[in-house]
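As they're listed, the protein sequences go chains A and B.
Here the working numbering is used: the first residue of the first sequence is 1, the next is one more, and so on.
Here the working numbering is used: the first residue of the second sequence is 1, the next is one more, and so on.
Calculated from the structure, these hints are not laboratory results.
Keep in mind the model is a prediction, meaning the values are calculated, not measured.
Where a beta carbon is used, it is the ideal one built from N, C-alpha and C, also for glycine.
Do not rely on the hints blindly, as some may be mistaken.
What the hints assert, rightly or not - Listed next, with one range per pair, are the computed distances between beta-carbon atoms:
1) A:Phe154 <-> B:Val85: 24 to 30 angstroms
2) B:Val85 <-> A:Val152: 45 to 51 angstroms
3) A:Val125 <-> B:Asp45: 57 to 63 angstroms
4) A:Ala229 <-> B:Ile104: 34 to 40 angstroms
5) B:Met13 <-> A:Arg117: 31 to 37 angstroms
6) A:Arg118 <-> B:Thr51: 43 to 49 angstroms
7) A:Val125 <-> B:Arg101: 22 to 28 angstroms
8) B:Pro15 <-> A:Arg98: 29 to 35 angstroms
9) B:Arg101 <-> A:Ile252: 37 to 43 angstroms
10) A:Val249 <-> B:Pro55: 39 to 45 angstroms
11) A:Thr127 <-> B:His52: 48 to 54 angstroms
12) B:Arg96 <-> A:Phe154: 39 to 45 angstroms
13) A:Ala138 <-> B:Ala111: 35 to 41 angstroms
14) A:Val106 <-> B:Phe44: 51 to 57 angstroms
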Amino acid sequence: MAVIVGILIVAFIAGVFGSMLGVGGGVIMVPVLSLAFGVPIKTAIATSIVCVIATSSMAQTSFASRGMTNMRLGMFLEVATTVGAVAGGVTAVLIEGRILQAAFAVVLFYVAWQMGRRRGDIVPVETAVMPSSYYDPAEGRQVSYGVHGLGVGFVLSFCAGNVSGLLGVGGGAFKVPIMNLLMGVPLKATIATSNLMIGVTAATGAAIFYGRGYMDPHWAVPAALGILAGARVGPRLAIRLRAKVLVRVFEIVLAVFGVLMLLKALGVGV
Amino acid sequence: MSQGAGTPEKHVMVPIERMVSRILMTGIAVSVALMAIGLVLGLFDRQGMPTHVVPLADLPSLLRSFDPAAYLSLGLIVLIATPFVRVLGSIIAFAREGDRRYVIITAVVLAVMCLSVLLGRA
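Only chain A is shown next, with the shape it has when bound in the complex (with noise of 0.2 angstroms):
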């Protein structure tokens, strides 16, 4: 019982951050699941796939009721994401497991310091492509914007679908910068489509995770109903703190994460 309770909190926490910043919470899961909690390293990812699932789900929720979700480029985008994850498996056999987490990690150093030295959102503009905008109540104002850089955009949610299929974690890390600093999507936007985003990759694995029998409803059930209440919370942080401050709480998510990746592919714990 303690146990569930314990399981229930950690997950109501990576519920709110994985919704609130649109990276679904795997991150803080997984090392808290298999160090914390002594779960088995695959029935840990298996659980918390199916915690990103739940994420994306009920964070959209308040997110597209709000106008804040990108349906189009989030789809466009899916197919990226989707065939780079297929794909995942033709990379691991051409580079070894901890190149790629170092690499990893050291594209997480390079995205949070380059957020970091924006101090705040980009400055939307607004274009012919996929345009869309929604109200911010941190800013009192309607954002409008369009996006650009389709192409460059579609490269690199491949790659990132490539790794995150490859490594079981990373997805929304890297779709947030990229929809954000190279695709002209203002943060809340990204944010919104991102946690649509990550719902159909980690399906796809959590499909995947069941029928090889990974799944154990005695972790993944108390995971993902914890999640679910989270998921209700983050979004609410996010439609309503300012976008600086969500970029600031992302830069530090992001370094924790590329410092994990580092020490993964040294060879320690986690």
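Could you slot chain B onto chain A? The hints should help.
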């Protein structure tokens, strides 16, 4: 800018947003209900909480005998299936809008999702 025009906080959902929201909310509600039933059944079960999911083939018979693992498993299955249904629903919504390009894009996503599940099973 449309600031000051009525209540700016109230966003009127376009059909695709409404479709996606409805599917996701239904998926969550059904899945939580099944997990809750499973947890309650598990509390009264002599074997305690199940630690394995039930294979799809055994699901119908175990559901009929009120096996806690079956209800927890079905709750997880519904949760996992929700994004698949969401993508399918998006295809329908784009088709109703007459946006042929996005019907194709979304159909490709669904096809790749199904393909990778099939490949992953092997």
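Structure-based check of each hint:
no. : hint                                      : in the structure
1   : A:Phe154 <-> B:Val85: 24 to 30 angstroms  : holds (25 angstroms)
2   : B:Val85 <-> A:Val152: 45 to 51 angstroms  : violated (31 angstroms)
3   : A:Val125 <-> B:Asp45: 57 to 63 angstroms  : holds (59 angstroms)
4   : A:Ala229 <-> B:Ile104: 34 to 40 angstroms : holds (37 angstroms)
5   : B:Met13 <-> A:Arg117: 31 to 37 angstroms  : holds (36 angstroms)
6   : A:Arg118 <-> B:Thr51: 43 to 49 angstroms  : holds (47 angstroms)
7   : A:Val125 <-> B:Arg101: 22 to 28 angstroms : holds (23 angstroms)
8   : B:Pro15 <-> A:Arg98: 29 to 35 angstroms   : violated (47 angstroms)
9   : B:Arg101 <-> A:Ile252: 37 to 43 angstroms : holds (39 angstroms)
10  : A:Val249 <-> B:Pro55: 39 to 45 angstroms  : holds (41 angstroms)
11  : A:Thr127 <-> B:His52: 48 to 54 angstroms  : holds (51 angstroms)
12  : B:Arg96 <-> A:Phe154: 39 to 45 angstroms  : violated (26 angstroms)
13  : A:Ala138 <-> B:Ala111: 35 to 41 angstroms : holds (39 angstroms)
14  : A:Val106 <-> B:Phe44: 51 to 57 angstroms  : holds (52 angstroms)
Comparing the model with each earlier hint shows violations of hints 2, 8, 12; every other hint is respected.
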